[in-house]
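Peer 1: Just so you know, the protein sequences line up as chains F and R, in that order. Read in order, the letters of the first sequence are residues 1183 to 1467 in the working numbering. Read in order, the letters of the second sequence are residues 4 to 449 in the working numbering.
Hints may contain errors.
Result set (BS3-like, lysine-lysine): computed pairs, CA atoms no more than 27 Å apart in a straight line [what the hints assert, rightly or not]:
| hint | chain 1 | residue 1 | chain 2 | residue 2 |
| --- | --- | --- | --- | --- |
| 1 | F | Lys1283 | R | Lys433 |
| 2 | F | Lys1328 | R | Lys433 |
| 3 | F | Lys1272 | F | Lys1410 |
| 4 | R | Lys433 | F | Lys1272 |
| 5 | R | Lys399 | F | Lys1371 |
| 6 | R | Lys399 | F | Lys1285 |
| 7 | F | Lys1328 | R | Lys399 |
Restraint ranges, calculated between C-beta atoms of paired labels, are given here [what the hints assert, rightly or not]:
| hint | chain 1 | residue 1 | chain 2 | residue 2 | range |
| --- | --- | --- | --- | --- | --- |
| 8 | R | Lys164 | F | Lys1342 | 50 to 56 Å |
| 9 | F | Asp1462 | R | Glu387 | 30 to 36 Å |
| 10 | F | Thr1338 | R | Arg419 | 49 to 55 Å |
| 11 | F | Arg1459 | R | Gln383 | 18 to 24 Å |
Everything labelled a hint here was simulated from the structure, so no lab data went into it. If you're wondering where the values come from, they're calculated on a predicted model, not measured in any experiment. Virtual Cβ for every residue (Gly too), placed ideally from N, Cα, C.
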Amino acid sequence: MLFRGENAPFIQFIHTKNNSQADDTNTAIIIFKINMTSMLKIKNLHAIVEEKEILKGINLEVNQGEVHAVMGPNGSGKSTLASVLAGNPKFEVTRGNVLFKDKDLLEMEPEDRAREGLFLSFQYPVEIPGVSMVNFMRAAVNEQRKYRGEDPISATDFLKLMRDKRELLGMDSQLVNRSVNEGFSGGEKKKNEIFQMAMLNPQLAILDETDSGLDIDALRVVAAGVNKLQSKENATIVITHYQRLLEYIKPDYVHVLYAGKILRSGGPDLALELEKRGYDWLINP
Amino acid sequence: MIEQQYIDLFTQFREELDAHSVKGMNRHRDAAFKTFQQIGFPTSKQEEYKHSNIVRTFDADLGLNLRNIPIPVNPYDAFKCDVPNLSTHLYFLINDRYYDRFQPTEKLPEGVFAGSLQRFSELYPVQFAAHYAQIADYSDNGVVAYNTMFAQDGFVVYVPKNVVLEKPLQLINVLRGGVDLSVNRRILIIAEENAQVKLLICDHTVDDIHFVVTQVTEVFTGASAQVDIYELEENSEKVTRLNNLFSEQKEHSNVVTSSITLHNGYTRNNYRFRLFGEHAEAHAGGLAICDKEQHIDNFAFLDHATPNCVSNELFKTVLNDQATGVFCGKILVEKNAQKTMAYQNNRNLLASDSAQMFSKPQLEIYADDVKCSHGLTTGQLDEEALFYMRARGIDKEEARLLLMVAFTRDVVDMIRIESLQERLTSLINKRFRGELMRCGNCNVCI
């Protein structure tokens, strides 16, 4: 069972009849999902890379409006989880299933996952020499619009959108005129990830070590950007080593991943405890 | 012996050959013939032709238009250049003959000549004699010897001292014929001291027959002069193109060449650059996109003969299906050529499992204070970049396409005509999308 924080939404089943036995008259069971729609349901997820099993049975449920933090020591499988959810072909799922908005996520191509509203902020954003940020973003925005049956974005709307989101992240206007991530500093690359997230407005954002390589000022800007994008309709999974990021992005739940499994789940307090005591007390109780 | 039929033809029809030629070209034939009899066409037994067995393509029944029988074509019907931002002075060679039923409407600056070798030899006999067949060395190149034996006309650009041609010149080579043909073209480019000229050469095929084209270009770049030569091949798959460019540069001159193979059959490009004045710079770009059974062989030889010169080569190849690509880059830094900077880069992309690339850098450095580097990679598209793009919702095929176009970017960037860069980018896009299968038209213009 997942621990639920005080703000956590819950499910109520309301039956039209007083729990009576099935009735052959006009009985209907109406299930109201109050204040809560399942965004992501991961069940017993196993994944391998180059024949080595990294994920060994992950269970995790994320609902609309929630922020989850996934923490854990190096090599515990945090980034693998992110990659598998985004559909990186390097990893192979061997068991388990994942529902994203009640659709089978693992059946989808990576591009369709993105078009459905899943976004991965890469731990190591890839440099793509020769492809300009502008062309890259326009292609991405239009592919998503096409998927939703909308017309391509107009040139003026697109430029306005770019400008607005760039300002949100305090990004240099020169950066968006360059090739994707080429020659960007570590901090600029991470900002660029959140910029892309702002452009695409995803329903589920997975931030893989977005804090690594950021100085404290950049961290604040990036966290503020993420917080602005967080709403009741979407959800965020924050993958991080350190408590530091969680001072700026407040999670509802904290999960500790170790050796491919979730070892412990808790509220925001768990992160504080980890900061104080490290992981050892959980790993070797 | 495959060469025999050409030896017989040359001996038998020598009078007619001479009678229908530019007079000044005739006096070079005997020596070329002598060499040709000795060395013949290159075969794959020769190291430099290991992957391109040239002689084989001549083992065919090819016609030569020695009597200069007019080829019925009006290039202006076929090639309407109406892109306003790529405005050029336009010229045509139909097979190996200058198309003279037309004079460009816009006047060239005083003293500049662009037109046929025939006319040039009449107007500038001294210049003609001093440059024609002077650096196109055939002593080890049977194709150039063959071309020198049979070439009868061609195209010349002559820009006198201190004249700067702002508007680029464009030469469109049209291949046209009813029977399989051997086409032998000559091009001569002379830029005197401090002159500047840009030339775009486009190759097209109109008729669906076999053409074996030899083209020999001689480029003379005077002190502080600037010459740009951009070659764009869009021939049909039945065309063999054996292209030889010889360039000599004096001090402080600057030459940029780019060889873009957008659609072809069987192509061998030989580039020979000689830097024999201090502070001369040569930039040689090359891009080939081949699929099906197409074959591209780019051979570049850079000779640093004097100190303080710069050379920079960037050759890229994208191969799909069963296409084969070859690159050989030879750099020679002669003993006194100190402070030479020579860079060579060859990058190749294999888009299928059955495409093959052969690549060989060859550096011979006899000076001891030089900066030389070479890089060579052959590989597939970057899987990480592909996934990154797909993770943003971009279709796998679209992502591949964007990456392939991106791969060609820096070669296109070397071109110093902005509107041509844009035009090329869009053509490259089309090529990768498979929308450039026919090549009866000048795609730069239309």
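Peer 1: Each hint should be assessed against the structure and marked as holding or not.
Peer 2: Structure-based check of all given hints:
Taking the CA atoms of Lys1283/F and Lys433/R, the gap is about 38 Å. The hint is violated against a cut of 27 Å. For the suggested pair Lys1328/F and Lys433/R, the alpha carbons sit about 21 Å apart, so the restraint of at most 27 Å is met. Restraint check: the Cα-Cα separation between Lys1272/F and Lys1410/F comes to about 32 Å, which exceeds 27 Å; the hinted pair is violated. Proposed proximity of Lys433/R and Lys1272/F is contradicted: the alpha carbons are some 31 Å apart, above 27 Å.
Proximity of Lys399/R to Lys1371/F is assessed by CA-CA distance (about 23 Å); at most 27 Å being required, the pair is judged to hold. Taking the CA atoms of Lys399/R and Lys1285/F, the gap is about 21 Å. The hint holds against a cut of 27 Å. The straight-line distance between the Cα atoms of Lys1328/F and Lys399/R is roughly 15 Å, inside the 27 Å bound, and the hint therefore holds. Here the CB-CB span from Lys164/R to Lys1342/F is close to 53 Å, well matched to the stated 50 to 56 Å.
For the hinted restraint 30 to 36 Å between Asp1462/F and Glu387/R, the CB-CB distance of approximately 34 Å keeps it satisfied. About 32 Å separates the C-beta atoms of Thr1338/F and Arg419/R, a value inconsistent with the hinted range of 49 to 55 Å. Distance hint check for Arg1459/F and Gln383/R: the Cβ-Cβ separation is about 47 Å, which falls outside the suggested range of 18 to 24 Å.
Checked against the numbered hints given earlier, this structure breaks hints 1, 3, 4, 10, 11; the rest are met.
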